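K.L.:
Using the hints, position chain B against chain A.
For the protein sequence lines, the chains are A and B, in the order given.
With this note's numbering, the residue at position 75 of the first sequence is 81, and numbering never jumps.
With this note's numbering, the residue at position 101 of the second sequence is 107, and numbering never jumps.
When chains are identical, the list treats them as one kind, so a pair holds in a single copy or across two.
Mimicking DSSO-like on lysine-lysine, the simulated pairs with C-alpha atoms at most 30 Å apart in a straight line are:
#1 326 / 142
#2 260 / 213
#3 395 / 411
#4 330 / 395
#5 490 / 213
#6 347 / 65
#7 88 / 154
#8 260 / 347
#9 325 / 61
#10 328 / 142
#11 325 / 197
#12 105 / 87
#13 347 / 257
Hints listed in this document are in silico derivations from the structure and should not be mistaken for laboratory results.
The structure presented is a predicted model; accordingly, all values stated were derived computationally and were not measured.
Here is how the chains run, residue by residue.
Number of protein chains: 2
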Amino acid sequence: MKESFEKRGLTKKSENISDWYNDVVLRADLCDYTDVKGSMIIKPYAYLIWENIQKELDKMFKEDNIQNCYFPMLIPMSLIKKEKEHVEGFAPELLTVDKIGDEKLNDPLVLRPTSETIMYKAFSNWVQGYRDLPIKINQWCNVFRAEKRTYPFLRTAEFLWQEGHCAFANNEDNLQMVFKALNWYKDIYEKYLGISVYIGLKSQSEKFAGAKNTYSIEIVMPNGKALQAGTSHDLSDNFSKAFNVNFLDEKGKKQFAFQSSFGLSTRSIAAIILAHGDDSGLIMPPNVAPIQVVILPIIKKAQNETNRDVVDYANSLNKKLKDKGIRTFIDNDDIHSLGYKINEWELKGVPIRIEIGNNEVENNMVRIVRRDDFVKQDVAIDGLENTIKNILENIQSGLFTKSEKLKLEKTKDTDNYSDFKKFIEEGNFVRSYFCEDKECENKIKEETKAVTRCLEFDQMNDDGVEGKCIYCGKRSKHKWLFGKSY
Amino acid sequence: MKESFEKRGLTKKSENISDWYNDVVLRADLCDYTDVKGSMIIKPYAYLIWENIQKELDKMFKEDNIQNCYFPMLIPMSLIKKEKEHVEGFAPELLTVDKIGDEKLNDPLVLRPTSETIMYKAFSNWVQGYRDLPIKINQWCNVFRAEKRTYPFLRTAEFLWQEGHCAFANNEDNLQMVFKALNWYKDIYEKYLGISVYIGLKSQSEKFAGAKNTYSIEIVMPNGKALQAGTSHDLSDNFSKAFNVNFLDEKGKKQFAFQSSFGLSTRSIAAIILAHGDDSGLIMPPNVAPIQVVILPIIKKAQNETNRDVVDYANSLNKKLKDKGIRTFIDNDDIHSLGYKINEWELKGVPIRIEIGNNEVENNMVRIVRRDDFVKQDVAIDGLENTIKNILENIQSGLFTKSEKLKLEKTKDTDNYSDFKKFIEEGNFVRSYFCEDKECENKIKEETKAVTRCLEFDQMNDDGVEGKCIYCGKRSKHKWLFGKSY
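Next comes chain A alone, as it looks inside the complex (with noise of 0.2 Å):
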């Protein structure tokens, strides 16, 4: 049998959390691999994950009145040099193509890792004065990054997007946007997807290339490894003072404009996976999960007379809850054993399980269990609807409460540096006062592989409070978030 389809058992996630992502991503069919280094198949399972991602967020872009559109992806090299910082963080990343057809290109294109730069030299045609702003809009796409080490759904040479793009006529404006759409991204990580996070601002040696600050979602994973999931860039004028993103003011002035960009991308996925899968496979969020409930007919081959029962049963169960919008598939596969289907759904992380056989239709009850628990129910058919979306609410709530627990547990406040080293190596968060210097940043890299994560809003307040910063020992005004990088 070739590879990427072996039925390979799974590793421990309690045991070795890399192999166990690594087999799981290909057992529960999320992704496969190509001959492309660094790319991979999104496998439908998996991109219906990233279709119900894409509703929600695109809700509330549309909600906001920000305005979906598409940017070439091929964006001239002589664009990306533009704005200084922009190209020195990227430019080892690029990705670019020399020549078409047989034309050399003066220019090369490079293929977008973002796209600040094409659609700010845009932005420069359509402002000319205050009226034309603000501009609010968003695309969802394919980026490229070249990248030394790839992970499926964690880091790939190409992955998908979206990019939300604005200019304002004033500061104020800009700011409320960069925090309005942090905030959005927490929703979706919270509410949806289960997942508690932190939210703050990066070190200015962690920010987004070009920008003035950055925004960013963090997340403890089980291993204790931190995920930045997300990301929102104060970019001020730096961009519109590179590509002329200027306006007449009301009285005839000229301005620059203020600009925020941000984005979310299919690494959300990966969180999902780490974040709740156990040691039998994914646990799908009920609020995002492509498949909420899955109905296991249970026939027996023997007894032809009564299989028309159950599967008639289970199909006016499937159409019940369908109509209710809960998200049903029946498995009516004759080939495989109970217990392969039972491993597989489990795998694949579906929230509830029913199963159905002679015994429930003749009772009119159904058998439940939980995927999160493993609980069994036997339940009544009579109001199952209402059951089950309890059920699911349960797991929801459920799944985001632990994650919760686990991100405090893994979160350590320290004043004391080899306290602090002790935390990291033991694969935690920590907590503690830091000076801000690049040196002391580096420093601490270089001897404890954690990097500032972020300050969390609530630590950023002036309140004349100070300690020492955790390396140097200097008066420092805020206690930083550090972990080491997934």
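P.N.:
Quick look at chain B alone, frame taken from chain A:
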């Protein structure tokens, strides 16, 4: 004022449809140009049209259990070369990445022109036995084809499309899929975009590179030119043999899968523009229109007292229509004159304009103006939702009727080659007996610039009736449609 933003007058469609097209795509804010030769920005108004088409088509796919997924955009050149006809057909149009960073690639990566090769390589891993079939997948993505002459939406180096790809255990199921996809496209054009189309078989010289047969949607444009606006390919076992998509059948015998692929692109937006627009701009078919009804409150700045009433009246109407699922927009802009605003909304082709002034408020009326025939009517506000819905349906069906009339008027039957040349010259499709020899086809193309569009299904029957090839006079079984390509 910068070039792309210039408010220039509109060429008359009847006078010069090419200039009109170039004017209207910019003026109606559908697209914009960039520094990247042959690429364009799809602006929000056009992107909304694309989203509506996506929604409709995606629903059809999902109901048929076609699953969305995503494959890498970069395809190794060695894969592209595996199917001989395929690479010959696409070679001149390929864009490639030759190095990543400083590393020169031995096997250059091609920016996908279409995804048969990379997908079917994966299929060969996924398919082992007959139970692994059928595979029915689709992806919504960007594709690249270097083109010498480009036109917005009609032909650009990068465009957006969907590509469906299937594999079946037998030829019958595969052919059924080929025709099903073609009929989905027909429905999209006829029922949704209000455009009457021809469907049929492409000639062997005009088919997709690597297919056994290609079936297509062909549209007669107002100037008599032909737009190929969707294709469905019977790939037979051509690709499955090249990529080893084989399986063991029920008897344990190795078989090659039968395959099909089908695609519809943002070129469909060009079809809408060209088919329905008039000298005042676009006319959007209500089913796909981003805005179905624009509400214009007529606010006289001198009469502040009553303006509030007009605005409230407009807002409450807007809410009422939105609640009924009608896509509305209130134009509260108080800078431009009413005349200017009317022009702009006509340019954007919004099917219905509602004008509300003091007079309308006092009499519980609104003034409705249709975009298709400019007919005005004063209508009571009671029950307006149904009136609006009826008018929208009426506009939709009226556009289709007009499109069908044009198609039939501009399709000429002839047995006489000098008439053939005259009809083509005058801007028509011509239906004539044709021997199906490549040489005749080339000669006709040389002499008239017309190529075979398709062999319609109702001309396909072998009823014994024969005629003489319009060019060489040889006995010919079928009448083919000819026309000049857009």
